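S.K.: Sequence:
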Amino acid sequence: MNPTAGKSNGDEQSPRLRPDELAGVGRLASRLSGELRQPLAVMRNAVYFLNIQLDTNTAEKVRRHLGILLREIRTITGMVDNLAGLTTAAPPDRSLSDVEVVVAAAVDRAGLLDDIRVETAIPPSASLFCDPVQLSLALANVLTNSAQVLSDGGTVRVVCRAGNGETVIEVTDDGPGMSPEVLARAGEPLFTTSTGRTGLGLPTTRALVGANGGTLEIESAPGQGTTVRFRFRRH
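Every letter in the sequence shown is one number past the one before it in the UniProt record's numbering, and letter 105, counting from 1, is 105.
Hints in this document: simulated from the structure, not taken from any laboratory.
Among the hints, a few may not be true.
[Stated by the list, open to error] Just the calculated beta-carbon pair ranges, DEER-fashion:
(1) G210 / V182: 50 to 56 Å
(2) D93 / R161: 24 to 30 Å
(3) G165 / L54: 49 to 55 Å
(4) P39 / S125: 41 to 47 Å
(5) R161 / A46: 40 to 46 Å
(6) E119 / R231: 18 to 24 Å
(7) P123 / I52: 32 to 38 Å
(8) F129 / V182: 29 to 35 Å
(9) V182 / V159: 19 to 25 Å
(10) L40 / E181: 16 to 22 Å
Remember, predicted model here, so these are calculated numbers, not experimental data.
All C-beta atoms, glycine included, are put in the ideal place defined by N, C-alpha and C.
Input sequences plus hints: build the corresponding full structure.
M.R.: Below, the structure written as structure tokens:
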């Protein structure tokens, strides 16, 4: 990132939900969880079944559209997870986790389109004391946000480095970046610039990273892409 790019510390600048907002989100999350999870599971299983039944002579166009269906199912499932996770997140089940495995799980969960290239630079021995499921969800949220702004394809780079008593995970995209006004509100509950999004992805990410002992930073500027950075102190 360019040193002139704006920077936001999501832990300090993003306001938390007011009690009345939290209660409303909680009611909505409970309702969505009960009403959407079962049909989403049925739809996902149907897509998997159809993929298995297709023979090698089936038109590639059919497979491509099944992939689109599966991606959108994952998107809706992620929204439900974020709504529920923001208000009822379970305490982290922390263990020494392989960062490379966590990142791979996040990429799979995000279900990115083929025209979005994901590059990784993760030392083979990189590990982190965390809840791997929660951290993969946090990373998947960031990857999904990057994919939203890369409508014509692009690159997302995930880098992990350790030093100075901390482990840092960075997700950087080569998208259009954010204006100072948008950056100042990034991570604010219910704020979004994308149609069809809940505005709860980054707040949930911040909550999950914080629950695992980390902090979240966002660095961006117009025309320079965006970097979301997780910092974890090594014990």
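S.K.: Compare the structure with each hint and give your call.
M.R.: We went through each hint and held it up to the structure:
1. A hinted range of 50 to 56 Å is violated for the C-beta pair G210 and V182, which are about 22 Å apart.
2. Judged by the Cβ atoms, the range 24 to 30 Å given for D93 and R161 holds: they are separated by roughly 25 Å.
3. Roughly 52 Å separates the CB atoms of G165 and L54, a value that falls within the hinted 49 to 55 Å.
4. The given range of 41 to 47 Å is respected by P39 and S125, whose C-beta atoms sit roughly 42 Å from each other.
5. Distance hint check for R161 and A46: the Cβ-Cβ separation is about 42 Å, which falls inside the suggested range of 40 to 46 Å.
6. A beta carbon spacing of about 21 Å between E119 and R231 agrees with the range 18 to 24 Å that was offered as a hint.
7. Checked against the hint of 32 to 38 Å, the pair P123 and I52 passes, with Cβ atoms roughly 37 Å apart.
8. Roughly 33 Å separates the CB atoms of F129 and V182, a value that falls within the hinted 29 to 35 Å.
9. For V182 and V159, the Cβ-Cβ distance of about 24 Å falls inside the hinted range of 19 to 25 Å, so the restraint holds.
10. Range check, L40 to E181: Cβ separation about 35 Å, and the 16 to 22 Å hint is violated.
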